[in-house]
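Engineer: Counting in my numbering, the sequence shown runs from 1 upward without gaps.
For the record, the hints were derived by calculation from the structure and aren't laboratory data.
Just so you know, even glycine gets a beta-carbon here, dropped at the ideal spot from N, CA and C.
A few of these clues could be false.
What the hints assert, rightly or not - Cross-link-like lysine-lysine pairs, in silico, DSSO-like; alpha carbons within 30 Å at most: (1) K241 <-> K162; (2) K593 <-> K504; (3) K708 <-> K593; (4) K618 <-> K593; (5) K585 <-> K618; (6) K585 <-> K708.
Unchecked claim - Cβ-Cβ distance ranges computed for the label pairs, FRET-style: (7) L80 <-> A192: 50 to 60 Å; (8) E251 <-> R305: 37 to 47 Å; (9) R305 <-> K504: 52 to 62 Å; (10) D253 <-> G621: 44 to 54 Å; (11) Q103 <-> R759: 36 to 46 Å; (12) E553 <-> G628: 17 to 27 Å.
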Amino acid sequence: MTSTATTEKAAGTRLVIPVTGMTCTACQARVQRNLARTPGVADATVNLMLNNATVSFDPGAVSAEQLVEAIRDSGYGAELPANTKGAFEEQEEAERAHVHEVQTLTRKVVVAMAAAVVAMGLSMWTAGESNTLIRWALLLLTTFIMVWAGRHFYTRAWSALKHGGSNMNTLISVGTGAAYLFSVAATIAPGAFLARGVQPHIYFEAVDAIIALILLGNLFEARAKQRTSDALRALADLQPKTARVVREGQEVDVPVEQVRHGELVLIRPGERVPVDGDVASGGTAVDESMLTGESMPVAKGVGDRVYGGTMNRTGAIRIAATTLGADSALARIVQLMRDAQGTRAPIQNLADRVSSIFVPTVIVLSLITFGLWMYLPQSTQSGMLVVHAVTAAVAVLIIACPCAMGLAVPTAMMVATGKGASLGVLFKGGEALQRANDIDVVVLDKTGTVTEGRPTVTDVMTVGRSEGGTANGDEANDVLLALVASVERQSEHPLADAIVQGAKARGLTLADAEGFQAVPGHGVTAVVNGTALAVGNAALMAQYAIDVSPLREAAERLSGEGKTPAYVAADGALAGLIAVADPIKETTVDAVKALTRLGIDTVLLTGDTQRTAEAIAKQAGITRVIAGVLPEGKVAAVRDLQREGRVVGMVGDGINDAPALAQADVGFAIGTGTDVAIEAGDVTLMRGDPRSVAQAIELSRKTMRTMKQNLFWAFIYNAIGIPIAAGALYPAFGIQLSPVIASGAMAFSSVSVVTNSLRLRRVRIGLQ
Numbered sequence: 001m002t003s004t005a006t007t008e009k010a011a012g013t014r015l016v017i018p019v020t021g022m023t024c025t026a027c028q029a030r031v032q033r034n035l036a037r038t039p040g041v042a043d044a045t046v047n048l049m050l051n052n053a054t055v056s057f058d059p060g061a062v063s064a065e066q067l068v069e070a071i072r073d074s075g076y077g078a079e080l081p082a083n084t085k086g087a088f089e090e091q092e093e094a095e096r097a098h099v100h101e102v103q104t105l106t107r108k109v110v111v112a113m114a115a116a117v118v119a120m121g122l123s124m125w126t127a128g129e130s131n132t133l134i135r136w137a138l139l140l141l142t143t144f145i146m147v148w149a150g151r152h153f154y155t156r157a158w159s160a161l162k163h164g165g166s167n168m169n170t171l172i173s174v175g176t177g178a179a180y181l182f183s184v185a186a187t188i189a190p191g192a193f194l195a196r197g198v199q200p201h202i203y204f205e206a207v208d209a210i211i212a213l214i215l216l217g218n219l220f221e222a223r224a225k226q227r228t229s230d231a232l233r234a235l236a237d238l239q240p241k242t243a244r245v246v247r248e249g250q251e252v253d254v255p256v257e258q259v260r261h262g263e264l265v266l267i268r269p270g271e272r273v274p275v276d277g278d279v280a281s282g283g284t285a286v287d288e289s290m291l292t293g294e295s296m297p298v299a300k301g302v303g304d305r306v307y308g309g310t311m312n313r314t315g316a317i318r319i320a321a322t323t324l325g326a327d328s329a330l331a332r333i334v335q336l337m338r339d340a341q342g343t344r345a346p347i348q349n350l351a352d353r354v355s356s357i358f359v360p361t362v363i364v365l366s367l368i369t370f371g372l373w374m375y376l377p378q379s380t381q382s383g384m385l386v387v388h389a390v391t392a393a394v395a396v397l398i399i400a401c402p403c404a405m406g407l408a409v410p411t412a413m414m415v416a417t418g419k420g421a422s423l424g425v426l427f428k429g430g431e432a433l434q435r436a437n438d439i440d441v442v443v444l445d446k447t448g449t450v451t452e453g454r455p456t457v458t459d460v461m462t463v464g465r466s467e468g469g470t471a472n473g474d475e476a477n478d479v480l481l482a483l484v485a486s487v488e489r490q491s492e493h494p495l496a497d498a499i500v501q502g503a504k505a506r507g508l509t510l511a512d513a514e515g516f517q518a519v520p521g522h523g524v525t526a527v528v529n530g531t532a533l534a535v536g537n538a539a540l541m542a543q544y545a546i547d548v549s550p551l552r553e554a555a556e557r558l559s560g561e562g563k564t565p566a567y568v569a570a571d572g573a574l575a576g577l578i579a580v581a582d583p584i585k586e587t588t589v590d591a592v593k594a595l596t597r598l599g600i601d602t603v604l605l606t607g608d609t610q611r612t613a614e615a616i617a618k619q620a621g622i623t624r625v626i627a628g629v630l631p632e633g634k635v636a637a638v639r640d641l642q643r644e645g646r647v648v649g650m651v652g653d654g655i656n657d658a659p660a661l662a663q664a665d666v667g668f669a670i671g672t673g674t675d676v677a678i679e680a681g682d683v684t685l686m687r688g689d690p691r692s693v694a695q696a697i698e699l700s701r702k703t704m705r706t707m708k709q710n711l712f713w714a715f716i717y718n719a720i721g722i723p724i725a726a727g728a729l730y731p732a733f734g735i736q737l738s739p740v741i742a743s744g745a746m747a748f749s750s751v752s753v754v755t756n757s758l759r760l761r762r763v764r765i766g767l768q
């Protein structure tokens, strides 16, 4: 699989280098060790599924070319691409490489399978003395299969040997090579075998079948790998190839790469948006499910932002192109997913430690097996000892290929990140995905996470009325709201804007205010249409000797509900009360319930007052509140929970909560996928829906369960398979495992691991 190198400035430089020739976890571990030992390298991650190495290094201490040489010194191929390409180009190259790999393997499997069938048929004739011609025909056929279909096994094994290493190819090469050389000797000099009481059996059909079955397993793996990238491929396919732009008054179609910043782009109903931009004219509804996972179309008008890859549903619009190429929302998401798939979960370290000694251990076990068969007492004819010994030794080598261990974690990782993207959940990498599994408490920032983040008018109450109301058409309420909004539109307070927007939403006409004055910490005063107005808290009313007792009980009730009440006085008398609140999201209660079902505690964290915070927490079902804290106080609150031994997930908007997100074990950034939020946390929640936190944690738990299942079966497979291949069942049952069956079992183990990982694509997560 090819890729392109990408660099980014962070702690030093980060480089992604394509690596060729890796076939198992032993290969992966060897490349990683060599890179990690290179001076100047801070961190190195090698991915067997993506066939690349991600290296963080100090360019002042080591060059990119030296990193490529370090990989080559491991016995594997590496090239430093001449040009840097974007995420879409990288994905297209990856897809072309997958297709080429599948096509090549298919040809080799067809030919090798046919040769194996022919060889098995011809081998039936080798029992008599007149089979010399058939033996030589089998030798030539098998030599062709080894040189053409299986050549890469032997060249890669030799390359590893030259560099002092071993891998899956070593086991295949030694196993099939031993069987081949034994058969060649039996073909060329059968008399020498007979003279020593050894039957001149040949194993050409076994060699052909082993190569065919291993190639078949590789083919199944390659096809399964393609399916693990379905989510990435689907995202990349959303990017239109052309855009219709307005140039010199004419509408022309141009490649999307040629769209210029600020250029007008025409998008008709039913077309995908080609680039990010702001609506310049027209109105429509846009399906943004590819970005957010939300199925309901979003209304768009002049000035609203639209994103490349989304679907324009109802109306024709013109947009001014803003963010292009690699900086577009879709490209950033594709790159984020590629980066995540290129990282490794800490659980992978277990497989790496085993693989570092696995291949040499298997070779030693194979030699021991050969020795035991040769020298332990046997009830069979003595001339068959060599035959049994060779069969058992080769079977041990073949069945023990560590492919399954190398695929156990990265396949699950790739499927899980794709599944997460379809839910609007983007994991930054394997460590975040694994760590989310251990979360036992989630800290929720109030504004924009638990609440909508947009204060609105909730109650309007006039003196003499027992209850407030907000319904448009209630004349007394509308008159009061229009007067207050006329004053507040000169204020810069966030709650003032909520009152102005509330009045506009009711279609009320605002008047000019004269003599506007802000009283810090208390409220505002002004004259509107000859009426002297004062809007603020009880302290402001006291300054003007206004009795608030008729509405004090209502104000306290509203405050207890998490709302902010403001008294209104007109010409020196109490006129009414207006309450503003940031309402909780409709999904917040469900999110808290989902987290509780997962056994996770929730904490509300806010800079708001304790009373308001407790009211919001009560509505949401959150039992613990930490209120009145500044950003640094949020960090301290997270740290205190960690001191209690808790694994903390922090949910915030990704900007002002960034310090707390960084302090948490896993930071969940609420974002639209188009701003700083993508970079702020370990996990980005594209929908802005707090229920996505529970989905992310549930997906993490199911992914970790799958990874552990994969590793368990990979280890158990070898723990059971190697003794059987060595002949453990022969003394009691007379059963000896054929190398052909061993090769089939080896292929099946790898395919079963990949297939188990693919189940994550269909698993139901939370709200699905």
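Engineer: Please go over all the hints and tell whether each is borne out by the structure.
Structural biologist: Here is what the structure says about each hint:
1. For the hint linking K241 to K162, the alpha-carbon distance of about 47 Å lies beyond 30 Å, and the restraint is violated.
2. The suggested pairing of K593 with K504 is violated, with an alpha-carbon distance near 36 Å, which exceeds 30 Å.
3. With a C-alpha separation of about 28 Å, the suggested pairing of K708 with K593 holds against the 30 Å cut-off.
4. This hinted pair checks out: K618 and K593 have alpha carbons roughly 13 Å apart, not beyond 30 Å.
5. For a cut-off of 30 Å, the pair hint linking K585 to K618 stands: about 14 Å separates their Cα positions.
6. For a cut-off of 30 Å, the pair hint linking K585 to K708 is broken: about 36 Å separates their Cα positions.
7. For L80 and A192, the Cβ-Cβ distance of about 53 Å falls inside the hinted range of 50 to 60 Å, so the restraint holds.
8. The hinted range of 37 to 47 Å is not satisfied by E251 and R305, whose Cβ atoms lie roughly 22 Å apart.
9. Hint check: R305 to K504, Cβ distance near 22 Å, so the stated range 52 to 62 Å is violated.
10. Between D253 and G621, the C-beta spacing of about 53 Å keeps the proposed range 44 to 54 Å intact.
11. Between Q103 and R759 the Cβ separation comes to about 27 Å, which falls outside the hinted range of 36 to 46 Å.
12. The hint said 17 to 27 Å for the Cβ distance between E553 and G628, and at roughly 25 Å that hint holds.
Consistency with the previously given hints fails for numbers 1, 2, 6, 8, 9 and 11, ordered from lowest to highest.
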